[in-house]
Amino acid sequence: MTATLSHGPAAHTKAAEAAVRVDAVSKIFGHGPEAVQALDRLTLQVDRGEFVCLVGASGCGKSTLLHMLAGLDSPTAGSIAVEGRTGLMFQEAALFPWLTVAGNVALALRLRGVGRAERRPLVTSLLEMVHLEGFASRRPHELSGGMRQRVALARALAQNADVMLMDEPFGSLDAMTRDLLHAELERLWTERRFTVLFVTHNVREAVRLADRVLVLTSRPGRLSASFRVDIPRPRRIETPAVSALAGEITEQLSVEVRRHGHA
Amino acid sequence: MATRDRLTEEVAGLDALDLPKAPRVRRAVRLWAGFWPKIAALALALGLWQAVVWSGWKPTYVLPHPWTVLSELGRRVGDGTLMTAAGITLRRALVGYTLAVLVGTAIGSLVSRVKLLRVATGSLITGLQTMPSIAWFPLAILIFKLSESAILFVIILGAAPAIANGLITGADHIPPLLLRAGRVLGARRLALYRYVILPASLPGFVAGMKQGWSFAWRSLMAGELLVIIARKQSIGVQLQVARDLADAPGLMATMLLILIIGIAVDSLFFGTLDRAIRRRWGLMDPATS
Ligand SMILES: Nc1ncnc2c1ncn2[C@@H]1O[C@H](COP(=O)(O)OP(=O)(O)OP(=O)(O)O)[C@@H](O)[C@H]1O
Ligand SMILES: [Mg+2]
Chain A
17 MTATLSHGPA AHTKAAEAAV RVDAVSKIFG HGPEAVQALD RLTLQVDRGE
67 FVCLVGASGC GKSTLLHMLA GLDSPTAGSI AVEGRTGLMF QEAALFPWLT
117 VAGNVALALR LRGVGRAERR PLVTSLLEMV HLEGFASRRP HELSGGMRQR
167 VALARALAQN ADVMLMDEPF GSLDAMTRDL LHAELERLWT ERRFTVLFVT
217 HNVREAVRLA DRVLVLTSRP GRLSASFRVD IPRPRRIETP AVSALAGEIT
267 EQLSVEVRRH GHA
Chain B
6 MATRDRLTEE VAGLDALDLP KAPRVRRAVR LWAGFWPKIA ALALALGLWQ
56 AVVWSGWKPT YVLPHPWTVL SELGRRVGDG TLMTAAGITL RRALVGYTLA
106 VLVGTAIGSL VSRVKLLRVA TGSLITGLQT MPSIAWFPLA ILIFKLSESA
156 ILFVIILGAA PAIANGLITG ADHIPPLLLR AGRVLGARRL ALYRYVILPA
206 SLPGFVAGMK QGWSFAWRSL MAGELLVIIA RKQSIGVQLQ VARDLADAPG
256 LMATMLLILI IGIAVDSLFF GTLDRAIRRR WGLMDPATS
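These protein sequences, in sequence, are chains A and B.
All letters in the first sequence, in the order written, are residues 17 to 279 by the numbering used here.
All letters in the second sequence, in the order written, are residues 6 to 294 by the numbering used here.
Note that these hints are calculated values from the structure, not bench results.
These numbers were taken from a predicted model, which means no experiment stands behind them.
You may find that some hints are simply not true.
[Stated by the list, open to error] Residues of chain B clear of chain A, computed beta-carbon distances all greater than 12 Å: (1) P71; (2) R118; (3) R185; (4) I265.
[As the list claims (entries may be wrong)] Where chain B lies over chain A, by a calculated footprint (3+ residues, C-beta under 8 Å): (5) 57-67; (6) 154-162.
Cβ atoms here follow ideal geometry from the backbone N, Cα and C, with glycine treated the same way.
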């Protein structure tokens, strides 16, 4: 990851605490007149053990950012530093069609070196966590979109990463299952204290889960605002406190979208 | 805990709604549904043949009745001549095809892994595949004389490119998302190849093997007609002898056997394999499978 390192305006004092550091990162896809600038000098930081949600209009470069953090792509300019092992849950389920549900989860364990004997109980408990224990021997194409997403969540959790990058992980779930998985994810995060960077279009979901909600500008993505969520946990998505803050953030988002409309 | 259990039940209920209930059609019904169109097509073909014979286009000692040919086939199978011939020929097919699979797989996996080789040999492999195998025989006979080796050589040249190509296209058509998913899970180089690339290119590989079989079978038949080896009463030799004796029923009975073996291997073995893989992977429309 080599690129010009420019100093962002906000000098971070707690540098040692940072699990994710994104410094003036720009990403341009393609060349010449067809080039698309996905990110423009984006600077942000996620502290170790922090749960940060990222919201922003479609196409503002959120997935691009997560892919770069996972090492699948590199920035055009700027620098990226991630402490520890990253796990990524893609926007699509991205399951392997030749493996069963249990096989998909087991492969993640196997690739991180978990022995055969330990894998089986771990797979079972991961599938219980996403409430799919009855579907272990199904194949991905036999599941609904939401169920596939839950398998992908189990597989991502199986990586036991230090930094979890999650790209709209609950986008195609019904409200009830989603609330349930919010609670599971929060419980796991409280237990293990990994770092989470979580992309969503659902502002209430962001407030329900996050320590901090970051709003990106419309394309090209830059940091527009940051909201600290001080509502005590465990939270519930339908409480007035969550709604109030979500309203504020939505207001900020629509300012962004309108600004883009004029441009 | 009680609320958790209740929620779990509710989610299970929602999931049950999600899953389509596939109506279980009885096995016999399904088999029959796949079988009768084939029987009908066969009857039609025999009917057409009979019609041509009745039209008197050729005398029956050149173009015999279907019934004469079928009973000749029955007689030759019964007295063992065709069975020994089929044994010799099938043994050659098995040996040649196995070698072709080994060679094709080795070349295919190498070429799909190494970019430079891809660029250098990609179109050459496709070119080899389109080369009629019979064109290889003069060279094969020069090198190996009239021997088994000449036949095997041509089978391998005929089938291996198709198999290699299947593997290469299979690897080419892997969705990039799956490769990325593998990399995110920590699979690099050999592990990525073993756990993602290899299984992901399996459907293409099986398609290549199937095509390779038909090339191998054709090359073998051409070979047995050109490379006649003493005291080896192969199917090709039977054809040749029947022609020399102007034995039309014998000739056509042998041809029928060639057709039957080709179809049997293709549909029973490769067809079943192909369908099993596609069903497992969800590459088949459930309404038609
Ligand atoms: N491989 C690529 N080649 C060219 N352009 C790309 C590529 N990947 C992304 N882009 C462009 O970069 C921009 C950002 O894409 P990205 O997928 O990161 O958006 P996003 O914020 O995740 O959107 P969404 O919320 O809809 O998922 C888009 O305009 C997209 O067209
Ligand atoms: Mg996205």
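Is the Cβ of I265 (chain B) farther than 12 Å from every Cβ of chain A? 33 Å, holds
Mind verifying the non-interface call on R118 (chain B)? Its CB should be farther than 12 Å from each CB in chain A. 20 Å, holds
Are at least 3 residues of the stretch 57-67 of chain A within less than 8 Å of chain B when you compare beta carbons? violated (count 0)
Evaluate the condition: distance from the CB of P71 (chain B) to the nearest CB of chain A exceeds 12 Å. 45 Å, holds
Taking the closest pair, is the beta carbon of R185 (chain B) still more than 12 Å from chain A? Nearest chain A Cβ is 5 Å from R185 (chain B), so the label is violated.
Would you say the stretch 154-162 of chain A counts as covered by chain B, given the rule of at least 3 residues with C-beta under 8 Å? Our answer is that it holds, as 7 residues pass the Cβ test (under 8 Å) against chain B, meeting three.
The structure fails hints 3, 5 (numbered hints given earlier, in ascending order).
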